[in-house]
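**Student:** Those protein sequences? They're chains A and B, same order as listed.
Each residue of the first sequence is one higher than the one before, starting from 1 at the first, in UniProt numbering.
Each residue of the second sequence is one higher than the one before, starting from 1 at the first, in UniProt numbering.
Bear in mind the hints are in silico, worked out from the structure with no lab data behind them.
Positions of the beta carbon are idealized from the N, C-alpha and C atoms, including for glycine.
Heads up, a few of these hints could be off.
Below 20 Å or equal to it, Euclidean Cα-Cα: the simulated SDA-like pairs (lysine to any residue) are [to be verified]:
(1) A:Lys59 <-> B:Val184
(2) B:Lys62 <-> A:Lys62
(3) B:Lys90 <-> B:Gly74
(4) A:Lys157 <-> A:Tyr145
(5) A:Lys62 <-> B:Thr189
(6) B:Lys4 <-> B:Gly150
(7) A:Lys59 <-> B:Lys157
(8) B:Lys4 <-> B:Asn65
(9) B:Lys59 <-> A:Tyr145
(10) A:Lys62 <-> B:Ser16
(11) B:Lys62 <-> A:Gly190
(12) B:Lys59 <-> A:Lys157
(13) B:Lys157 <-> B:Tyr145
Not the full set, but computed from the structure, chain B residues with beta-carbon under 7 Å of chain A [claimed, not checked]:
(14) Gly31
(15) Trp34
(16) Leu35
(17) Val38
(18) Leu39
(19) Ser61
(20) Ala111
(21) Met162
(22) His166
(23) Ala175
(24) Ile179
(25) Ser188
(26) Gly190
Number of protein chains: 2
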Amino acid sequence: MHIKPEIRILGIDDSSLHNERVMIVGALFRGGNWLDGVLRCEITRDGIDATDTIVSMVKQSKHFNQIRVLMLDGVTYAGFNIVDINAVYKRTDIPCIVVMRNYPDFERIHAALEHLPDTEMRWELIRRSGEIYRITVHEGENPIYIQHCGIDHNDAKEIVIMSAIHSNIPEPLRAAHLIATGIVCGESTGRA
Amino acid sequence: MHIKPEIRILGIDDSSLHNERVMIVGALFRGGNWLDGVLRCEITRDGIDATDTIVSMVKQSKHFNQIRVLMLDGVTYAGFNIVDINAVYKRTDIPCIVVMRNYPDFERIHAALEHLPDTEMRWELIRRSGEIYRITVHEGENPIYIQHCGIDHNDAKEIVIMSAIHSNIPEPLRAAHLIATGIVCGESTGRA
Chain A
1 MHIKPEIRIL
11 GIDDSSLHNE
21 RVMIVGALFR
31 GGNWLDGVLR
41 CEITRDGIDA
51 TDTIVSMVKQ
61 SKHFNQIRVL
71 MLDGVTYAGF
81 NIVDINAVYK
91 RTDIPCIVVM
101 RNYPDFERIH
111 AALEHLPDTE
121 MRWELIRRSG
131 EIYRITVHEG
141 ENPIYIQHCG
151 IDHNDAKEIV
161 IMSAIHSNIP
171 EPLRAAHLIA
181 TGIVCGESTG
191 RA
Chain B
1 MHIKPEIRIL
11 GIDDSSLHNE
21 RVMIVGALFR
31 GGNWLDGVLR
41 CEITRDGIDA
51 TDTIVSMVKQ
61 SKHFNQIRVL
71 MLDGVTYAGF
81 NIVDINAVYK
91 RTDIPCIVVM
101 RNYPDFERIH
111 AALEHLPDTE
121 MRWELIRRSG
131 EIYRITVHEG
141 ENPIYIQHCG
151 IDHNDAKEIV
161 IMSAIHSNIP
171 EPLRAAHLIA
181 TGIVCGESTG
191 RA
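Input sequences plus hints: build the corresponding full structure.
**Tutor:** Okay, structure coming up:
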């Protein structure tokens with residue numbers, strides 16, 4: 001894959017759990033530098049509509065044909081509404097990279113899923129989201145963890161490192177987080 | 001004024017007029033490059049609460065002490081809810097720069113104000129927002145127009161040009177516009 005410095009990346013994050021309906025924000029970037037558009041949709045807290053809703057948001061965007069990579073902040077959104085990254089890739093034809101600050105605590109996740117309907121289906125989606133790789137974005141800083149689908153590992157790693165300009169988190173995800181929390185809470189919170 | 005490349009600038013824009021209450025978004029940037037935070041408040045369509053609400057949003061922010069410049073997209077928000085930039089500067093002690101793509105059509109504005117209560121008060125705020133300067137951001141592109149308060153003209157011009165990296169509009173304002181329209185409409189619209 002030839003990776004241009006201005007590759008279009010859509011970073012997708014959720015806001016905090018204020019309501020039954022949780023806002024999802026897509027921040028469209030050119031590489032790590034340039035905010036080019038903002039998308040918004042809503043999903044249900046602990047629901048099962050994250051995959052369908054994110055696919056619709058992406059496909060309905062006027063930028064759909066330019067987006068080369070989707071970046072997700074983990075695969076559990078709005079509580080335990082799981083994103084099926086294989087389905088997202090299959091239905092949009094856009095590779096997905098999942099970025100996590102920490103290695104997931106699968107024991108805790110499984111225990112939490114037991115309090116929700118569709119426990120096995122959710123667990124299966126989490127397990128199917130693929131191998132988890134530890135990568136160092138900047139020497140001397142904390143590593144992050146990634147999963148991917150529809151893209152070669154070295155390409156995924158290169159895109160993550162190239163777009164993580166101001167911290168160890170790629171800018172499209174850092175901006176999506178600031179926007180989602182800022183809009184819902186009145187002021188953005190945490191992270192970098 | 002010594003202008004660092006990472007000077008903290010809060011760009012403030014409104015969203016489209018879907019409701020009586022209109023969302024205002026503040027995009028906090030370091031220079032023209034780095035989104036550092038997002039603020040959100042609401043004002044009333046054609047109301048008179050823009051000045052008070054923006055002052056509160058700025059003063060309540062955890063970033064208040066770092067913000068060196070406020071950038072506004074004109075002085076009429078949410079229809080004809082006028083921002084009194086002299087009052088904003090006086091109450092926050094932060095200089096204001098107003099950026100406009102076109103020279104304001106004062107005849108049209110005055111005619112519109114006549115359909116609203118407090119016509120003279122609104123008109124007075126518009127007239128008091130100061131001299132309008134035409135500036136060329138990038139050679140060969142359309143000029144823009146600025147007003148300012150609490151800051152030397154050359155400093156204001158330098159900050160505008162320095163932060164207008166991807167178009168003739170400073171990035172803090174371009175991002176605030178993308179965020180406000182993207183969140184309210186589902187996808188951001190227009191501009192650069």
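**Student:** Each hint needs a verdict: does it hold in this structure or not?
**Tutor:** Verification of the supplied hints:
1. This hinted pair checks out: lysine 59 of chain A and valine 184 of chain B have alpha carbons roughly 19 Å apart, not beyond 20 Å.
2. Restraint check for lysine 62 of chain B and lysine 62 of chain A: not satisfied, since their Cα atoms lie roughly 35 Å apart, outside the 20 Å limit.
3. As the CA atoms of lysine 90 of chain B and glycine 74 of chain B are separated by approximately 18 Å, the hinted pair is consistent with the 20 Å bound.
4. Annotation: proposed proximity of lysine 157 of chain A to tyrosine 145 of chain A holds, straight-line Cα distance about 10 Å (limit 20 Å).
5. For a cut-off of 20 Å, the pair hint linking lysine 62 of chain A to threonine 189 of chain B stands: about 10 Å separates their Cα positions.
6. The hinted pair formed by lysine 4 of chain B and glycine 150 of chain B meets the criterion: a straight-line CA distance of about 18 Å does not exceed 20 Å.
7. Using a Cα cut-off of 20 Å, the hinted pair lysine 59 of chain A and lysine 157 of chain B is violated, with the two alpha carbons roughly 41 Å apart.
8. Distance restraint check for lysine 4 of chain B and asparagine 65 of chain B: the Cα-Cα separation of roughly 16 Å lies within the 20 Å cut-off, and the hinted pair is therefore satisfied.
9. This hinted pair does not check out: lysine 59 of chain B and tyrosine 145 of chain A have alpha carbons roughly 37 Å apart, beyond 20 Å.
10. For a cut-off of 20 Å, the pair hint linking lysine 62 of chain A to serine 16 of chain B stands: about 19 Å separates their Cα positions.
11. With a CA separation close to 12 Å, the supplied pair lysine 62 of chain B and glycine 190 of chain A stays within the 20 Å bound.
12. Between lysine 59 of chain B and lysine 157 of chain A, the direct Cα distance comes to roughly 41 Å. Violation of the 20 Å bound is thereby established for this hinted pair.
13. Between lysine 157 of chain B and tyrosine 145 of chain B, the direct Cα distance comes to roughly 10 Å. Compliance with the 20 Å bound is thereby established for this hinted pair.
14. Among the interface hints, the one on glycine 31 of chain B is violated; its C-beta lies about 12 Å from the nearest C-beta in chain A, farther than the 7 Å criterion.
15. At its closest, the beta carbon of tryptophan 34 of chain B sits 6 Å from a beta carbon of chain A; the interface hint therefore holds under the 7 Å criterion.
16. Because the smallest distance between the Cβ of leucine 35 of chain B and any Cβ of chain A comes to about 5 Å, under 7 Å, the interface hint for this residue holds.
17. For valine 38 of chain B, the suggested interface contact is upheld, since its CB lies about 3 Å from the closest CB of chain A, less than 7 Å.
18. A distance limit of 7 Å between C-beta atoms decides the matter here; for leucine 39 of chain B the minimum to chain A is near 5 Å, and the interface restraint holds.
19. Below 7 Å, beta-carbon pairs count as interface contacts, and serine 61 of chain B has one with chain A at about 6 Å; its hint therefore holds.
20. Among the interface hints, the one on alanine 111 of chain B is violated; its C-beta lies about 34 Å from the nearest C-beta in chain A, farther than the 7 Å criterion.
21. The beta carbon of methionine 162 of chain B is not positioned within 7 Å of any beta carbon in chain A (closest approach about 16 Å), and the interface hint is therefore violated.
22. Against a cut-off of 7 Å between C-beta atoms, the interface hint on histidine 166 of chain B holds, since the closest Cβ of chain A lies about 6 Å away.
23. The beta carbon of alanine 175 of chain B comes within 5 Å of a beta carbon in chain A, closer than 7 Å, and the hint placing it at the interface holds.
24. Hint status for isoleucine 179 of chain B: holds, given a least beta-carbon distance of 5 Å to chain A, under 7 Å.
25. The criterion of a C-beta within 7 Å of any C-beta in chain A is met by serine 188 of chain B, whose closest approach is roughly 4 Å, and the hint holds.
26. A distance limit of 7 Å between C-beta atoms decides the matter here; for glycine 190 of chain B the minimum to chain A is near 11 Å, and the interface restraint is violated.
Violated hints, in rising order: 2, 7, 9, 12, 14, 20, 21 and 26; the structure is consistent with all others.
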